[in-house]
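Chains A and B, in that order, are what the protein sequence lines are. Here my numbering is used: the first residue of the first sequence is 150, the next is one more, and so on. Here my numbering is used: the first residue of the second sequence is 73, the next is one more, and so on.
Derived from the structure by calculation, the hints contain no laboratory data. Among the hints, a few may not be true.
[As the list claims (entries may be wrong)] Cut-off 20 Å, straight-line C-alpha distance, at most; resulting in silico cross-link-like pairs (DMTMM-like, lysine to aspartate or glutamate): (1) A/K181 x A/D348; (2) B/K193 x A/D422; (3) B/K336 x A/D422; (4) A/K181 x A/E419; (5) A/K333 x B/D171.
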Amino acid sequence: MKRNFIRYLGVGLLLTSAALAPLVIYPVFLMKALCFALFACAFNLLLGYTGLLSFGHAAFFSTAAYVTGYLVKQQAFTPGIGILSGTLAAAALGLIVGNLVVRRQGIYFAMITLALSQLVYFLYLEASFTGGEDGLQAIPRGRLFWVINLENDRTLYYVVLAIFLFGVLLIRRTIRSPFGQVLKAIRENEARAVSLGYDVNRYKILAFVISAALSGLAGATKAIVFSFVTLTDADWHTSGEVVLMSLLGGMGSVYGPIVGAFSITALENELSDKVGSFVTVIIGVIFVVCVLVFRRGIVGETAALYRRLVGSESTRAASAGKAAGSEQS
Amino acid sequence: MTTIFGLPLTALLGQLMVGLVNGCFYALLSLGLSIIFGMLDIVNFAHGAFYMLGAVLTWFALTEFGLGYWWALLLVPLVLAALGVAVERGLLRWLYRIDPIYGLLLTFGLALILEGMLRSKYGVSGLPYSIPGTFQGALNLGFMFLPKYRAWGVLGSLLVSLTTWLVIEKTRLGAYLRAATENPALVRAFGINVPVMITITYAVGVGLAGLAGVLAAPATQISPLMGANLIIVVFAVVVIGGMGSILGSIVTGLSLGLIEGLTKVFYPPASSTVVFFIMAVVLLVRPAGLFGKEK
């Protein structure tokens with residue numbers, strides 16, 4: 150009863166501050182962070198909940214961004230239909246890549262996704278509709294549903310926030326569904342899941358498609374927010390960045406990647422003018438430190454610390470915490 | 073002039089030669105990846121960065137210390153092997169008991185650190201390194217001109233690859249290594265120091281990457297970005313060949329280099345993607361890879 154109250158209070162506070170944030174913080178930065186947060190959450194559905202490390206998620210992110218950008222700019226689609234088409238394109242690509250990649254197990258998964266996303270990168274470099282090295286510039290934001298004018302940063306912010314909440318709630322729902330339980334079973338012990346009669350590959354492919362589609366949603370939204378798409382979105386550095394966001398925030402929870410995405414976006418915003426390309430070194434150091442001493446990420450380590458402190462006071466809380474811990478790890 | 077498929081023979085052979093040189097680098101790198109993966113269960117993402125470091129150090133040795141190509145060929149792989157020892161002892165050692173994903177992530181971070189440091193120091197434009205005196209000029213084979221340095225690149229890396237293969241397949245040390253890859257606990261019980269062998273394996277793998285870097289220095293543009301793009305192709309090569317067999321990785325590397333060269337002649341836009349397409353086809357037809365066996 151009391152726990153629930155605190156929970157609702159927390160969610161209410163978060164939503165209120167999200168609604169008021171653009172009054173204090175530059176809205177374009179917030180929108181960028183939200184897009185990457187959704188991207189990281191979608192990615193983490195695979196890494197954190199299915200145990201599959203994809204090193205090629207930039208392919209889906211950029212595919213949706215390019216499709217949306219092209220349709221809105223060259224074919225005069227409205228942004229809503231544009232984003233929807235981009236998301237569908239990413240899902241379709243996810244279906245193709247997913248079918249290829251489940252053919253190998255373990256660490257090969259990472260190498261194959263990376264290689265296939267590099268293939269996508271080179272295709273976009275050569276293709277004409279992507280604008281090659283120049284990318285797509287001056288994509289009009291337009292009007293959502295022909296009414297809402299997205300040229301205004303604050304209006305757009307609330308639209309992006311709504312998209313983000315939709316995506317995250319969908320991921321949360323997926324994880325808590327029976328389908329999500331099977332994904333966790335695959336992560337914990339794939340052979341066991343097979344012996345229980347689950348067609349593991351179909352589950353993996355479906356998880357891959359959902360993850361690709363939501364990554365696409367994030368990329369498509371980013372294309373509208375920034376009005377441009379470049380090859381950077383398809384680059385393997387982008388794939389690496391989203392891995393880092395999940396790792397830093399904590400891949401054991403739904404919300405960890407959000408924390409990671411905000412931290413990394415803020416860090417890059419702060420540092421890129423000051424240290425230039427040295428920012429890659431800092432990102433690399435964070436990677437190494439996370440892997441060596443901080444594997445549960447910000448959210449995971451904080452939760453563990455909290456449980457230790459509370460656990461010493463009452464044994465009941467400790468056992469509840471343990472249950473939550475086994476849920477998370 | 074002799075022509076084949078409407079192309080001058082010399083152009084075709086020239087591109088094939090370039091492809092063969094690239095194929096040798098693929099072979100050397102995927103060889104190193106394979107032996108490291110066999111022993112440590114870690115996919116060494118930093119392999120491309122070590123290759124790049126090998127090339128940059130070759131340039132550095134000449135411009136800062138006046139040490140020429142031959143010194144670099146001897147010293148740079150040793151320096152990189154020492155770096156490999158430090159990385160294995162200092163960092164990778166902590167990851168052997170956990171999911172192999174973390175090994176990949178850590179070496180990825182390492183690659184970013186190396187690439188970023190050299191990039192902020194030297195920028196992304198190429199550093200010049202001229203071909204050593206012995207290998208300047210070309211041999212006239214009658215039907216084509218063979219640049220001497222390319223011939224050396226191919227010969228040198230084939231020699232190194234085959235030596236590595238012989239050491240692993242035919243010597244006592246190699247036998248220990250193969251045994252420790254199969255069952256480290258049992259090999260330890262026989263009184264063989266497996267942790268030291270793991271360190272040596274990683275150092276040799278990194279040294280091989282450095283050697284490939286030295287060989288590449290006069291033949292390509294030396295730039296901090298040269299490793300990152302190469303390592304992704306090498307990953308595809310490894311997926312195609314499978315990491316189980318050493319001779320397999322050499323053969324796969326060479327043939328993919330040749331195919332890439334041919335693509336450059338017949339349909340240039342696809343030359344950067346052809347290896348990835350082949351990987352997709354191999355995954356469809358023979359998921360375990362051409363020489364691999366699925367665990």
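Consistency of the hints with the structure:
1. A/K181 x A/D348: Answer violated: A/K181 to A/D348 is near 38 Å, above 20 Å.
2. B/K193 x A/D422: With a Cα-Cα distance of about 17 Å, the restraint between B/K193 and A/D422 holds, given a limit of 20 Å.
3. B/K336 x A/D422: Status violated; Cα separation ~40 Å.
4. A/K181 x A/E419: holds, 14 Å
5. A/K333 x B/D171: Between A/K333 and B/D171 the Cα gap is close to 16 Å, so the pair holds against 20 Å.
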